[in-house]
Amino acid sequence: MEFQNELTKRGLYYPPDPGSMAVSTMGGNVAENAGGPRAFKYGVTRDYLLGLEVVLASGEVLRTGGKTLFTGCFTNYFAGDVGQAVVNVLKKLRLEIEIPAAEDCCGIAAILSGEGDLPLKNVQQNISTLSRARVDAVLVDCATCGAAFRKEYIDLLKRKGLDSTQAEILKGKTQDVMEYVAERIHELPLRKDYTSEKIRVTYHDPCHLVRAQGVSSAPRKILQALPQVEYVEMEEANACCGGGGTFQFDFPEIAKGITEKKIKRIRETGARVVATGCPGCRVTIGGNMDEQDRIAVLHPLQLLDGALTGKGLDKFPFAGTGRLC
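With positions in the sequence shown counted from 1, the corresponding number in this note's numbering is that position plus 78.
It is possible that some hints are incorrect.
[Said to hold, decoys possible] No farther apart than 27 angstroms at their CA atoms in a straight line, the calculated lysine-lysine pairs in the DSSO-like style are these:
1. 199 x 276
2. 249 x 199
3. 251 x 389
[What the hints assert, rightly or not] Okay, the calculated beta carbon distance ranges per label pair:
4. 137 x 199: 28 to 38 angstroms
5. 270 x 233: 19 to 29 angstroms
6. 342 x 276: 18 to 28 angstroms
7. 276 x 133: 46 to 56 angstroms
8. 310 x 270: 16 to 26 angstroms
9. 265 x 327: 36 to 46 angstroms
10. 191 x 83: 37 to 47 angstroms
11. 329 x 182: 25 to 35 angstroms
Please keep in mind that the hints were generated in silico from the structure rather than gathered at the bench. Every residue, glycine too, gets a C-beta built ideally from N, C-alpha and C.
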């Protein structure tokens, strides 16, 4: 308790309980991946010690408190606003993040197009980079990249008769960034004055997030925690938006009907924002809305970042304006 009180004076936060300092140490908690009884709610000691290098009994060198953030191609080249919001939120959680220089495109476009050999170099490079011992978690801000790490890599390697052991390790370490943030939403100082009125928000479940990874509650937990958000569930929220990667280009008429139905469901909610955790869905939905809809298509962490920094809805582009939204 003295340790926690001393940290509080310095603006730091340490919720795990190391127990009696007579019989336990910080190093011991890190080595054993422990954190006392409060670890059930707040996580283990390792997550709260920043920038500490520890040599375990096995000889493994561990850097504590950090997570690897995998920024996919879309975030890197088209949606820097999402990447910036993600980094801002993680910084507010005092999380030390690493973006590996050796990370490569996840390759899922080629995998799902049947080009099994083409993406193997990318797959093996990412597995080697992200499954190494010192990486304790891989946070992903793109539903499609997450689906690659949690499902498609393993399936591809097994189809090729290749060893998938390291891919299984990567699967176990991968977490959508919204899952990580939702577990810690209570730690964030959410502002109540960042907009003058409640913003009605609805959420679209991306196929690669809800079906491939089973993630649906985390984004809703984040949105419902925001003081100025009036969350409204749309009908058939987990129905496909019609994008489906190249499906919308291979079968445009079928895709058009699916997309129009999704946009109809969004309009019925009266929402000013439709949030989604997939950049592909963001483009499909936003690119097929009319300018008069005045509905912004955003990642949930962009709204959360707004609640932390005071960025109002008027600072975001709306769908149908010809800008990337």
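Taking 27 angstroms as the top limit, are the C-alpha atoms of residue 251 and residue 389 close enough? With Cα atoms ~32 angstroms apart, residue 251 and residue 389 exceed 27 angstroms; violated.
Quick one: are residue 342 and residue 276 within 18 to 28 angstroms, going by C-beta? Given about 24 angstroms between the Cβ atoms, the range holds.
27 angstroms Cα cutoff - pair residue 249, residue 199: holds (18 angstroms)
Could you see if the CB distance from residue 270 to residue 233 stays within 19 to 29 angstroms? With Cβ atoms ~45 angstroms apart, the hint is violated.
Do the Cβ positions of residue 329 and residue 182 conform to the proposed distance bound of 25 to 35 angstroms? The hinted range 25 to 35 angstroms holds for residue 329 and residue 182, with Cβ atoms some 29 angstroms apart.
Outcome of range test on Cβ distance (residue 191, residue 83; 37 to 47 angstroms): With a Cβ separation near 57 angstroms, residue 191 and residue 83 fall outside 37 to 47 angstroms, so the hint is violated.
Take the C-beta atom of residue 137 and the C-beta atom of residue 199, compute their distance, and say whether it sits inside 28 to 38 angstroms. holds (30 angstroms)
Take the C-alpha atoms of residue 199 and residue 276, compute the straight-line distance between them, and say whether it is at most 27 angstroms. violated (48 angstroms)
Verify the CB-CB distance for residue 276 and residue 133 against the hinted window 46 to 56 angstroms. Hint holds: Cβ distance 52 angstroms, inside 46 to 56 angstroms.
Hint check for residue 270 and residue 310 - Cβ pair distance inside 16 to 26 angstroms: Cβ of residue 310 to Cβ of residue 270: about 20 angstroms, so the range 16 to 26 angstroms holds.
C-beta pair residue 265, residue 327: status relative to the range 36 to 46 angstroms that was hinted: At 42 angstroms between Cβs, range holds.
Taken one by one, the earlier hints fail for this structure at numbers 1, 3, 5 and 10, listed in ascending order.
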